[in-house]
Amino acid sequence: MTPEQFIIAKASEAIRTLYGVEMEPAQLQVQLTRKEFEGDYTLVVFPLLKISKSSPENTGNAIGEYLKANVPEIAAYNTVKGFLNLSFSNIYWNGLFASISSSEDYGQLDATGKTIMVEFSSPNTNKPLHLGHIRNNLLGWSVSKLLEANGHKVMKVNLVNDRGIHICKSMYAWKVLGNGETPKSSGKKGDHLVGDYYVKFNDLYKKEVKELVSGGMSEEDALKNAPSLRAAQEMLFKWEQGDPEVVELWKMMNGWVYEGFDKTYKDLGISFDRTYYESQTYLFGKALVQKGLKDGIFETQEDGSVWCDLTADGLDRKLLLRGDGTSVYMTQDLGTAEQRFKEYNLDEHVYVVGNEQNYHFQVLKLILGKLGFPWAESIYHLSYGMVELPEGKMKSREGTVVDADDLLASMYETARETSLELGKIDNMTEEEQDALFRMISLGALKYFILKVDPKKTMLFNPRESIDFNGNTGPFIQYTHARIRSILRKASESGLTFSSEDVLPESVLSPKEVRIIKLLNIFPAKIAEAGAALSPAVVANYAYDLAKEFNQYYHDTPILKEEDQAVLKYRLVLIESIAKVLVKAMSILGITLPERM
Numbered sequence: 088m089t090p091e092q093f094i095i096a097k098a099s100e101a102i103r104t105l106y107g108v109e110m111e112p113a114q115l116q117v118q119l120t121r122k123e124f125e126g127d128y129t130l131v132v133f134p135l136l137k138i139s140k141s142s143p144e145n146t147g148n149a150i151g152e153y154l155k156a157n158v159p160e161i162a163a164y165n166t167v168k169g170f171l172n173l174s175f176s177n178i179y180w181n182g183l184f185a186s187i188s189s190s191e192d193y194g195q196l197d198a199t200g201k202t203i204m205v206e207f208s209s210p211n212t213n214k215p216l217h218l219g220h221i222r223n224n225l226l227g228w229s230v231s232k233l234l235e236a237n238g239h240k241v242m243k244v245n246l247v248n249d250r251g252i253h254i255c256k257s258m259y260a261w262k263v264l265g266n267g268e269t270p271k272s273s274g275k276k277g278d279h280l281v282g283d284y285y286v287k288f289n290d291l292y293k294k295e296v297k298e299l300v301s302g303g304m305s306e307e308d309a310l311k312n313a314p315s316l317r318a319a320q321e322m323l324f325k326w327e328q329g330d331p332e333v334v335e336l337w338k339m340m341n342g343w344v345y346e347g348f349d350k351t352y353k354d355l356g357i358s359f360d361r362t363y364y365e366s367q368t369y370l371f372g373k374a375l376v377q378k379g380l381k382d383g384i385f386e387t388q389e390d391g392s393v394w395c396d397l398t399a400d401g402l403d404r405k406l407l408l409r410g411d412g413t414s415v416y417m418t419q420d421l422g423t424a425e426q427r428f429k430e431y432n433l434d435e436h437v438y439v440v441g442n443e444q445n446y447h448f449q450v451l452k453l454i455l456g457k458l459g460f461p462w463a464e465s466i467y468h469l470s471y472g473m474v475e476l477p478e479g480k481m482k483s484r485e486g487t488v489v490d491a492d493d494l495l496a497s498m499y500e501t502a503r504e505t506s507l508e509l510g511k512i513d514n515m516t517e518e519e520q521d522a523l524f525r526m527i528s529l530g531a532l533k534y535f536i537l538k539v540d541p542k543k544t545m546l547f548n549p550r551e552s553i554d555f556n557g558n559t560g561p562f563i564q565y566t567h568a569r570i571r572s573i574l575r576k577a578s579e580s581g582l583t584f585s586s587e588d589v590l591p592e593s594v595l596s597p598k599e600v601r602i603i604k605l606l607n608i609f610p611a612k613i614a615e616a617g618a619a620l621s622p623a624v625v626a627n628y629a630y631d632l633a634k635e636f637n638q639y640y641h642d643t644p645i646l647k648e649e650d651q652a653v654l655k656y657r658l659v660l661i662e663s664i665a666k667v668l669v670k671a672m673s674i675l676g677i678t679l680p681e682r683m
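If you read the sequence shown in my numbering, its first letter stands for residue 88, the second for the next number, and so on.
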């Protein structure tokens, strides 16, 4: 029972006794007491005046006096106009904390029976993952864990864009410039090698366009007729026709990329329940287009192309099939959505895709609704902002994008240097040091990205993210390690403690009450974050809790406390903080060290 529910129950009892009226819980309003007034929670008295037939002050005082006299959990009250401010006693806070500390999986909400699919990552196979992909992957993973914490069954899926002109460009460049180079012969990760040839294609293409323009061709025609581009387009056509040589080259180079992706995903701690490939799904949706034509939802143009007119909905006309019968991204997404809802009986489908695709998903949802699918409203586009660096925006195609693997390596080195400077690796083996550096670097990266609301464009500063002070992952990791150190010392001294050491009559300091209040709202924060699909809510809650512990630790003796009952209570309190921090940070995909 939450504090609000407790007050409503007891206030209903008071109203029944004082005025002989039964109140429905929904008729009573309870809220946190404003900071400028004394109290924990406030009952709004104004709706009760018709029943009491008295002034707001008299009504509030009457109910407050009844509660103070008859409810041991209420220690004091005061009435300000039409607001009854109530203060809980130690009995209430101790009872609440006992239930928190004894919970085996505190913060995990009850099962809902819902199945939700989360699609994220969705990389192209012509280049390695970069910083933008990192935000996508970390957000998709964390949202999945957040939905699981909210009691849903979650399917994490990836749709790899493994076909199209982009991969054909890399394929053509490798064929004419590669001299048989492989990841093994070059010593490069496969995704990096293929990405290099995508950049080489772009260099070759620009050179050809420049030569054509110098020869008298217009820039517009040169851009369309450069030999390398035409060769890549020819490759795509042959691939769609099943040409054995092209298909074999495509399989080989994509295979290199998948090995590279898998390594990066592993390093990030990311995995999927299922991976879809565009080469296997790009024909999905054609049957839906035919259905839409038959039902008069879509229309065919003179060139044979199929369109959906959305002008009446305030949008424009959307192409669904080209004149030659080939599909577009929208066709595929219509088909995969139908397949997934049918196969997994989904209740919701969340697409984690950057905000440059807002229009695409608006159209997708609208067309699915026009096709008569009742689950169209259950599709949600988690639109997130781009990641920028202190130097400015990243640049594509020129090979200047911030590579994910390079960033991870740089973060590791920064974590190593910072830890050495601060002397946080005393008495650790090399293996333990390596594990700690990885833990800190990933914790810094993930927290720095996930603490920002997904919808916002964010500025990522690697050095700033590994600060052991302030709102950072390492600060929370260090806080957890400090708590574990205290608990180890207590155990080594022979102390044992459990939630049974939280006694109703235990006397609490204001700081301890603040911590219990903070622990108490953790499930509500999980629910709030889940409803908003925003891991930032959980991240910033974890920071607030870690900050509160550090203030408590600074001002309150724990192991030096001579009163054994107080000592054990405080150990249970900080152990509960550690458990909640572990749960909260695990939702962000962050591991907390036992020592550092």
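Some clues are possibly wrong.
Unchecked claim - In silico BS3-like cross-links for lysine-lysine, where the CA-CA straight-line distance does not exceed 27 Å: (1) 634 - 232; (2) 576 - 452; (3) 232 - 452; (4) 240 - 97; (5) 353 - 373; (6) 338 - 353; (7) 429 - 381; (8) 275 - 297; (9) 201 - 381; (10) 294 - 262; (11) 240 - 542; (12) 381 - 350; (13) 262 - 297; (14) 378 - 405; (15) 542 - 612; (16) 338 - 287; (17) 276 - 297; (18) 634 - 670; (19) 155 - 97; (20) 262 - 275; (21) 262 - 293; (22) 276 - 287; (23) 168 - 647; (24) 240 - 598; (25) 378 - 457; (26) 232 - 612; (27) 325 - 381.
It should be emphasised that the hints constitute simulated quantities derived from the structure, not laboratory data.
Only a predicted model underlies this, so the values are computations on that prediction, with no experimental measurement involved.
Structure-based check of each hint:
no. : hint      : result
1   : 634 - 232 : holds (24 Å)
2   : 576 - 452 : violated (57 Å)
3   : 232 - 452 : holds (25 Å)
4   : 240 - 97  : violated (36 Å)
5   : 353 - 373 : violated (35 Å)
6   : 338 - 353 : holds (22 Å)
7   : 429 - 381 : holds (22 Å)
8   : 275 - 297 : violated (31 Å)
9   : 201 - 381 : violated (34 Å)
10  : 294 - 262 : holds (18 Å)
11  : 240 - 542 : holds (25 Å)
12  : 381 - 350 : violated (47 Å)
13  : 262 - 297 : holds (22 Å)
14  : 378 - 405 : holds (16 Å)
15  : 542 - 612 : holds (18 Å)
16  : 338 - 287 : holds (20 Å)
17  : 276 - 297 : violated (32 Å)
18  : 634 - 670 : holds (17 Å)
19  : 155 - 97  : holds (11 Å)
20  : 262 - 275 : holds (18 Å)
21  : 262 - 293 : holds (18 Å)
22  : 276 - 287 : holds (17 Å)
23  : 168 - 647 : violated (46 Å)
24  : 240 - 598 : violated (38 Å)
25  : 378 - 457 : holds (11 Å)
26  : 232 - 612 : holds (14 Å)
27  : 325 - 381 : violated (31 Å)
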